[in-house]
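> Chains as they are written, first to last, in the working numbering: chain F, 1 to 418; chain R, 1001 to 1418; chain D, 2001 to 2364; chain U, 3001 to 3364.
Everything labelled a hint here was simulated from the structure, so no lab data went into it.
Some hints here could point you the wrong way.
[To be verified] Calculated from the model, a selection of chain D residues having no Cβ within reach of chain F, i.e. all distances over 10 angstroms: (1) D2003; (2) P2057; (3) R2119; (4) D2149; (5) E2226; (6) A2232; (7) A2285.
[Unchecked claim] Now the in silico label distances, taken between C-beta atoms and shown as ranges: (8) D/G2177 <-> R/E1309: 48 to 54 angstroms; (9) R/N1035 <-> D/D2187: 34 to 40 angstroms; (10) R/A1027 <-> D/D2187: 36 to 42 angstroms; (11) D/E2307 <-> U/G3036: 50 to 56 angstroms; (12) F/Y243 <-> D/E2011: 48 to 54 angstroms.
Here the structure is a predicted model, which means the values were calculated and not measured.
Beta carbons are placed, not taken as given, at the ideal position from N, Cα and C, and that holds for glycine.
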Amino acid sequence: MIDFELPERIENELQMAQMVAEQVMRATSRKYDENEHERPVEYINMMWQVVREQNRRRFEKAMANGSNGDRPEREGPNYSIVRLITLVEMLSWGDAGMYLCTPDPLLGGAAIDAVGTREQKVRFLKKFGEGEPKWGAMAITEPGAGSDNSALRTTARLDSENNEWILNGEKIFITNGKLALEESDGVCVVWATVDPHAGRAGIKSFVVEAGTPGVTIAKQEDKLGIRCSDTVSLVFDDARIPYDNILGSPEVQTKKSTRGFKGAMKTFDASRPAVAASAMGVARAALELTQEKLAEEGLEVDYTRPRHEMQAWERDLITMEARQKAGWLLTLKAAVEMAHGQSNRLSASMAKARAGETATQVTQKAVELLGPTGYSKELLAEKWMRDAKINDIYEGTKQINTLIVAREILGYTRRELK
Amino acid sequence: MIDFELPERIENELQMAQMVAEQVMRATSRKYDENEHERPVEYINMMWQVVREQNRRRFEKAMANGSNGDRPEREGPNYSIVRLITLVEMLSWGDAGMYLCTPDPLLGGAAIDAVGTREQKVRFLKKFGEGEPKWGAMAITEPGAGSDNSALRTTARLDSENNEWILNGEKIFITNGKLALEESDGVCVVWATVDPHAGRAGIKSFVVEAGTPGVTIAKQEDKLGIRCSDTVSLVFDDARIPYDNILGSPEVQTKKSTRGFKGAMKTFDASRPAVAASAMGVARAALELTQEKLAEEGLEVDYTRPRHEMQAWERDLITMEARQKAGWLLTLKAAVEMAHGQSNRLSASMAKARAGETATQVTQKAVELLGPTGYSKELLAEKWMRDAKINDIYEGTKQINTLIVAREILGYTRRELK
Amino acid sequence: MLDFTLDQEQEMLATIIGRFAEERVRPVFREAEERGAVPAEVIQAGWELGLLPTSLPAAYGGLGDYSVVTAAIAVEAFAWGDLATTFQILAPNLVAVPLLLEGSQAQQTRYLPDFTTARRPPAVTAALIEPGIRFNPRALKATATIEGDGYRLNGAKTMVPLAEDAELLLVYAAEAGETQAFLVPGDAEGLTVGPEAEVMGLGALPLYRLHLENVYVPAVDRLGGEEGSDFARLLNHSRVALAAAAVGVARAGYEYAREYAKQRVQFGEPIAHRQSIAFMLAEMAIDIEAARLLVWEAAWKLDRGEEITREATVMKHYVDDVVLQTADRAVQILGGYGYIREYPVELWLRNARGFVHFDGLAIV
Amino acid sequence: MLDFTLDQEQEMLATIIGRFAEERVRPVFREAEERGAVPAEVIQAGWELGLLPTSLPAAYGGLGDYSVVTAAIAVEAFAWGDLATTFQILAPNLVAVPLLLEGSQAQQTRYLPDFTTARRPPAVTAALIEPGIRFNPRALKATATIEGDGYRLNGAKTMVPLAEDAELLLVYAAEAGETQAFLVPGDAEGLTVGPEAEVMGLGALPLYRLHLENVYVPAVDRLGGEEGSDFARLLNHSRVALAAAAVGVARAGYEYAREYAKQRVQFGEPIAHRQSIAFMLAEMAIDIEAARLLVWEAAWKLDRGEEITREATVMKHYVDDVVLQTADRAVQILGGYGYIREYPVELWLRNARGFVHFDGLAIV
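Okay, chain F solo, but in the shape it has when bound:
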């Protein structure tokens, strides 16, 4: 039954999030953009109060009913993903870089949730409900591989004597890697192969905890935008982790079945909508600021004018608004399908591909429409343009996601459509 209304529970939470976005995030956006690599303590401390509580309750629930804690007792759709993406959108409307610093297991946690055992959840997730702020991260990309995750070179060798995995290799572009492994007692899920010759089938994910010897942060990137979120390279030099830190089964499936790899990839069906949501948050911020500033000049869109009687700026604003709405609806759809337990592989890639592009276009247009001031650092528009672009790139570039969409609609394998 077609319905565009958000659950009231979520609406209320969004109002809270908006307050945080306005009063904490916007207030410190410029500061942390200028002081790159500094952690946004105001936001982190404020959020940790909330997140810790939620994680604690969520964890207890999970332990209680053995589920991952999202699934409510009653039947029917599970709106936690909808809640997630609407919150992500609102927090990214506040500051997309700061949102990434939310103290939370995030992607890493999602992976552990998805395939982790009860014991693993106790070991790795319990702590996110107590003590100091902590972060989770996920290490996948390697210098050679880019979006080609099947070409990973990082190895996990089993040392049966000590019943440990020995990790060796380098990972790059790890969001929150520093927060997770250096600045908190967090976790990082690392993708590595237990059999370099097995291709996708050999790839497993492993949980690396903060303070693991042999794990070093090789480099922290200076970026175009989202500067208060750290992006690092990790080097694993005979880094030893307990045998039980592997997520999912250790045995290598035959080439045919690549379930292990697919399982790991599934994490992204949830994270792509989240990235799309973040993109749309930035887009909405830029759209609203532009509307606001032009209104101050007495320029408000007259929606009753036919296309040919509009002013150029008016049409620009309507185009921005249309794209922002379209991108957001695609994102909602990807989330709703997930909520209904349907596969959202197609809709998630559609949303990600389009949202990243839209955020890029809308923010770039905002910097134009806001004139010299829009290009200056007096407003946040120029920052949002820099922030927005990441959504066109990470979690699979627009091209990669378009490729996934194409394969899905054509029913093609990666061999048929390279």
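Based on these hints, arrange chains R, D and U on the given structure of chain F.
Leaving out everything else, chains R, D and U in the frame of chain F:
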């Protein structure tokens, strides 16, 4: 030495062409759009007077100096290609479909010019300088092949006893095929393979004259636009032509060297700019009509306004104008390079890819900006939108030409970049 | 609560109309376009699906479940088959829906029952679009001036579907600068129909010019009677219908191009194996998905009685572009075959370009 | 007669500047951006290329071959290296070229010789852009009002390059609604420089706010003296310079992305083997080619003394889009590496977005 001025000689000819375009072509455009498959006699008769004379002089010159007649005695650039494309642009500004009906050897003639022997020129081109209107055509595409000319199935078998070639196969999308083979004593250059297993190397071109037994027009297409230009399918059923009707050497080069094929393909380095020019002629027509009609409503572009103070229709017109200028300059460049004897493979594909797209966009926008009247048949805008689209498709679709550009700039073979 | 799935009834409807479009419309729409008329039996069959009666109030013999969302789903399914056919099948809506939304009690009682009982599609139409290059439905050139206890209509209209045989027309005109609608009998004095308005697309739908010269309309025949009607609301309902139709046209082009690209072999492989083609198809799929969601949201808001002028404008802006670009890409993917009338896509391109000008040609 | 090839002199110039950009600018521009200043020796070396003196009349010690086409070629070559550096190297033009084009005899005699003799780049600049969101160079907010035998300038300016050390500024202000230019010494009373105007790009170019409070300018120091100056002409010359620079920036991004795409292996092949990447590069190449031709045509017309406001507007409209889209695509092709400042393309994107706002930052 950078110079954008056309030779005066050409400017003068263009003024003549413009008169033909305005008084003969525009006056009958709608009539021949509505009466599809009818030949535009007014235009044909008027042009034949001129073209016949030119062809005669051109031919005599060619016989005199053995060249193809374009090349003037003196050294330096040869502007005949520039003359050609500027005329094509102007005549297409008049009516792109009618221009295609110009009684002339056209593509077929170009091929004979390029690789034909003196004797062949006498046999096939002399008649274009005398008597009734005649047309030349070129038959390449086949039902199975599309833009993939190396996959041609039409065969030319040598009958050594009678010293004849025997053609068998089917060709489609032949412009002026009917005018050339049925409605006049014209010629059609047919691509066929003398060795189906030799791929590109086996492909040769043959001159088929009107009235050749075994050649039948299987079908005449009903089209979206350019309706007064005939597009037919030809069936060759043991069609016998004299041995000497083959253009270029009959022997099959080794797989390595595919010069024969390449030679044939070279014809397109001249024809792609011509198609681009035709596209830009339609685009200019649509642009000017839109400017004119809006001006009648008191809407004239104020070029001194900054982007953000423009009206939407004003920005649209400027966008159309910019694209039309850009497409035309790319077309000129492809022609000028040829005039200077440089390879224009890259610039010709650039021009064709961009001009076809531009004509499509500009004419489609015109139909929008001209309101309900623009969508109606009261104006020619809707016809031009239908006419323009062909330029995005034939002589290689936009995609094929973009592919050629990509290979050229990347220095890739067709194997590296499929 | 947030949900983008059709309910059972909608699923069923989409299936039925989808089958109708595929089995009854697709086999004939091409010839209909060339002939300039949709076969009567197809229109009749479309009418017998009974969509309009279903949505009219029980008081007038209908089933009273009027839903713009459901209607949007239906229109997309129809338009996938053929746009001209869709406009003709939906022509009765042009009068019935405005009556339902804005008609006075008296007008509804007088006219609506016919729409639920009629065996054949009622011969009615509406006239909104005006000739010229800067048409603005909110600032019409046709005028309605008060005379005695009625109005005099003057002006010119164009692209009026089926006007020649129309027994009743809903004519839009500016009353003191504000657009109002008037119920005018086909034989009204001063109303001249014709000549045909020939346009680039919609070949199968007879469209006419209309000339109004001092056409007298009693006050009671102004839509809404005393109060008159809220044109903005009618326009928004029309735009949702047209946008839904646009999605149908776009989907037709997308699906046809997709299947063609999978069959068509070039350079030894289906052209769909090439990213340049595959990515175009992906963009088309994403555009259509987004457009449909925009349409559904606007329709959903109308069902909740919201004022959606802003949403409708934004939606129209987006969808008009999507349908044009998608149809154009379909032609591009078919290449030479996209350019000949033996294949359907060129017609979809001609129809697609019209949506910026179709205000008032359909309403739900 | 129609010809798009460079003459020998232009070829040589393009080569020399190309080498300068590659060997002197590229090695330092990234650090310059982070440090907020271009190394003085680079600016000095740029000045010593002697472009400006070459183009000034022999009467003032120049070589007198002023050609906008040649200048456009030079600017593209500079900008390929780095935009901030280019603007700084060309800063003397901001005063010299307006003097050359519109200066009175007296003004030329007084100021131009310095530009041909100076060992180091003259410390001059110009102030056109104003803070706000709807800047219009033809309708400035800063005003020049006649007072006695001179003018009083009032208003605010922004993005004024090198203002802090400028000994002479050409300040644009509205005199009776019409934009005029005024020669103002850096130490003029009522002229306050600062704070720095921080913008998204051009990090290596010091840009300042400027405040004018009753700054007195003698009548003789109005550009053009008695007659004043033709601002439209100056703006057109500026737009050609900026468009040429935009082509340089676009080409930098295109070439970098192209080489990256050929090196970068993914899924077992260079990503340039994928049509999605290869076609993007092809579009970029075509856009740049077209943009350059538009710039050359406009420049060529200026050299012929034509009034090109229309051409300049159309050209700017096109080129501003091309440079942004090309830079954005370059970032896209580099993926993650496009987003980090270790690679140059993200800077080119930030600079590219600025061109819609750069009026007056360069002139030839």
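> A separate judgement is required for each hint: does it hold in the structure or not?
Hint by hint, here is what the structure shows:
| no. | hint | in the structure |
| --- | --- | --- |
| 1 | D2003 | 5 angstroms, violated |
| 2 | P2057 | 22 angstroms, holds |
| 3 | R2119 | 33 angstroms, holds |
| 4 | D2149 | 31 angstroms, holds |
| 5 | E2226 | 25 angstroms, holds |
| 6 | A2232 | 7 angstroms, violated |
| 7 | A2285 | 5 angstroms, violated |
| 8 | D/G2177 <-> R/E1309: 48 to 54 angstroms | 28 angstroms, violated |
| 9 | R/N1035 <-> D/D2187: 34 to 40 angstroms | 36 angstroms, holds |
| 10 | R/A1027 <-> D/D2187: 36 to 42 angstroms | 40 angstroms, holds |
| 11 | D/E2307 <-> U/G3036: 50 to 56 angstroms | 52 angstroms, holds |
| 12 | F/Y243 <-> D/E2011: 48 to 54 angstroms | 50 angstroms, holds |
Checked against the numbered hints given earlier, this structure breaks hints 1, 6, 7, 8; the rest are met.
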